[in-house]
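Please model the entire structure based on the sequences and the hints provided.
Position one of the sequence shown corresponds to residue 27 (the numbering used here), numbered consecutively onward.
Hints are computed from structural coordinates only; laboratory data are not their basis.
Warning: the hint list may mix true and false statements.
In silico DMTMM-like cross-links for lysine to aspartate or glutamate, where the CA-CA straight-line distance does not exceed 25 angstroms [unchecked claim]:
1) Lys-155 / Glu-140
2) Lys-197 / Glu-179
3) Lys-81 / Glu-128
4) Lys-107 / Glu-158
5) Lys-116 / Glu-151
6) Lys-185 / Glu-196
7) Lys-122 / Glu-179
8) Lys-122 / Glu-140
9) Lys-98 / Asp-83
10) Lys-147 / Glu-199
11) Lys-46 / Glu-131
12) Lys-46 / Asp-83
13) Lys-182 / Glu-137
14) Lys-182 / Glu-199
15) Lys-81 / Glu-158
16) Lys-81 / Glu-50
17) Lys-72 / Glu-128
18) Lys-98 / Asp-86
19) Lys-147 / Glu-137
20) Lys-123 / Glu-140
21) Lys-155 / Glu-199
22) Lys-185 / Glu-199
23) Lys-155 / Glu-109
24) Lys-122 / Glu-109
25) Lys-98 / Glu-50
26) Lys-98 / Glu-131
27) Lys-123 / Asp-83
28) Lys-46 / Glu-128
29) Lys-122 / Asp-83
30) Lys-147 / Glu-158
Just so we're clear, the structure is a prediction, and the values are computed from it rather than from any experiment.
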Amino acid sequence: MASKWSRPIEKLTRPAHFTKGRSEIYLPKFTVTFVRSPALPPTFAKFIVPLNLNKLDIRDYLFHAYNVRVTKVRSFITQSKVEVNEKGQKYRRRGKKTMTVEMTEPFIWPEEPENFEIFDKETQEAAAKYNERASRHLNLNKFQLQLDAPAREHRKTLKEQAKALLSGKEKWEPTWQALGGKRDAVVESLGSGRDHKR
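This is the structure:
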């Protein structure tokens with residue numbers, strides 16, 4: 027005779043208070059972010075969710091993942107500001123969807139820590155600054171990167187030659203005259219691979 031303790035685990039847990047969905051997701055491809063919201067009462071919780079997640083999905087997810095009963099769900103989509111790219115075209119980034127759920131049992135957030143040494147906050151802040159600099163560097167166009175790049179050797183010599191010409195220390199002569207007026211010698215000195223003979 028089977029005892030009452032040999033019943034399956036599913037029968038010991040509380041049954042769902044709603045019609046369950048049929049899609050079984052074991053490794054979700056989305057991220058649900060629980061947001062600390064001190065203005066809301068303890069029976070309310072706020073989440074940042076993907077745009078394609080609906081009210082039934084969040085209720086199903088919270089019940090099956092955390093055994094949290096949800097009675098009401100409110101969802102809001104906040105549009106981002108209109109921005110202008112480098113070509114002058116206006117665009118808008120994807121909106122942000124937040125959901126506020128009302129739960130049957132309250133949830134109270136723990137106190138915020140005062141000592142952040144155990145979380146290695148300094149390293150995380152330094153990494154965030156580095157990532158910001160790196161992303162800013164990647165967003166610059168190639169022309170701006172060339173302007174900001176350090177001067178190469180041939181640029182330095184060109185600068186010195188230009189200063190000498192402007193100050194009058196040297197007199198400018200066209201290259202073809204300096205080589206005796208021979209066009210083929212000029213082409214060879216420039217290193218062109220084409221045949222420029224006429």
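Hints, verified against the model:
1. At most 25 angstroms may separate the alpha-carbon atoms for a hinted pair to count; Lys-155 and Glu-140 meet this at roughly 22 angstroms.
2. Taken as a hint, the Lys-197 and Glu-179 pair is honoured in the structure, with Cα atoms around 22 angstroms apart against an allowance of 25 angstroms.
3. About 12 angstroms separates the Cα atoms of Lys-81 and Glu-128, which keeps this hinted pair within 25 angstroms; it holds.
4. For the given pair, Lys-107 sits about 20 angstroms from Glu-158 by alpha-carbon distance, which is consistent with the 25 angstroms threshold.
5. Only pairs whose Cα atoms come within 25 angstroms are accepted, and Lys-116 paired with Glu-151 is rejected, the gap being roughly 32 angstroms.
6. Between Lys-185 and Glu-196, the direct Cα distance comes to roughly 13 angstroms. Compliance with the 25 angstroms bound is thereby established for this hinted pair.
7. Straight-line distance between C-alpha atoms of Lys-122 and Glu-179 comes to about 50 angstroms, which puts the hinted pair past the 25 angstroms bound.
8. At most 25 angstroms may separate the alpha-carbon atoms for a hinted pair to count; Lys-122 and Glu-140 exceed this at roughly 30 angstroms.
9. Taking the CA atoms of Lys-98 and Asp-83, the gap is about 13 angstroms. The hint holds against a cut of 25 angstroms.
10. The straight-line distance between the Cα atoms of Lys-147 and Glu-199 is roughly 63 angstroms, outside the 25 angstroms bound, and the hint therefore fails.
11. Taking the CA atoms of Lys-46 and Glu-131, the gap is about 20 angstroms. The hint holds against a cut of 25 angstroms.
12. Only pairs whose Cα atoms come within 25 angstroms are accepted, and Lys-46 paired with Asp-83 is accepted, the gap being roughly 10 angstroms.
13. With a C-alpha separation of about 60 angstroms, the suggested pair Lys-182 and Glu-137 falls outside the 25 angstroms cut-off, and the hint is violated.
14. For the given pair, Lys-182 sits about 20 angstroms from Glu-199 by alpha-carbon distance, which is consistent with the 25 angstroms threshold.
15. Using a Cα cut-off of 25 angstroms, the hinted pair Lys-81 and Glu-158 is violated, with the two alpha carbons roughly 35 angstroms apart.
16. With a C-alpha separation of about 17 angstroms, the suggested pairing of Lys-81 with Glu-50 holds against the 25 angstroms cut-off.
17. A threshold of 25 angstroms between alpha carbons decides the hint, and for Lys-72 with Glu-128 the separation of about 9 angstroms falls inside it, so the pair holds.
18. Simply put, Lys-98 and Asp-86 have alpha-carbon atoms about 12 angstroms apart, close enough for the 25 angstroms limit, and the pair holds.
19. A hinted pair counts as satisfied when its Cα atoms are at most 25 angstroms apart, and Lys-147 with Glu-137 qualifies at roughly 17 angstroms.
20. Pair hint Lys-123 plus Glu-140 does not hold up; C-alpha atoms about 31 angstroms apart against a cutoff of 25 angstroms.
21. The hinted pair formed by Lys-155 and Glu-199 fails the criterion: a straight-line CA distance of about 52 angstroms is larger than 25 angstroms.
22. The hinted pair formed by Lys-185 and Glu-199 meets the criterion: a straight-line CA distance of about 17 angstroms does not exceed 25 angstroms.
23. Only pairs whose Cα atoms come within 25 angstroms are accepted, and Lys-155 paired with Glu-109 is accepted, the gap being roughly 23 angstroms.
24. At roughly 16 angstroms between alpha-carbon atoms, Lys-122 and Glu-109 fall within 25 angstroms of each other, so this suggested pair holds.
25. The hinted pair formed by Lys-98 and Glu-50 meets the criterion: a straight-line CA distance of about 23 angstroms does not exceed 25 angstroms.
26. A threshold of 25 angstroms between alpha carbons decides the hint, and for Lys-98 with Glu-131 the separation of about 13 angstroms falls inside it, so the pair holds.
27. Restraint check for Lys-123 and Asp-83: satisfied, since their Cα atoms lie roughly 14 angstroms apart, inside the 25 angstroms limit.
28. A hinted pair counts as satisfied when its Cα atoms are at most 25 angstroms apart, and Lys-46 with Glu-128 qualifies at roughly 18 angstroms.
29. Between Lys-122 and Asp-83 the alpha-carbon distance is near 17 angstroms, which keeps this suggested pair within the 25 angstroms criterion.
30. Of the supplied pair hints, the one linking Lys-147 and Glu-158 holds, its CA atoms being roughly 16 angstroms apart against a limit of 25 angstroms.
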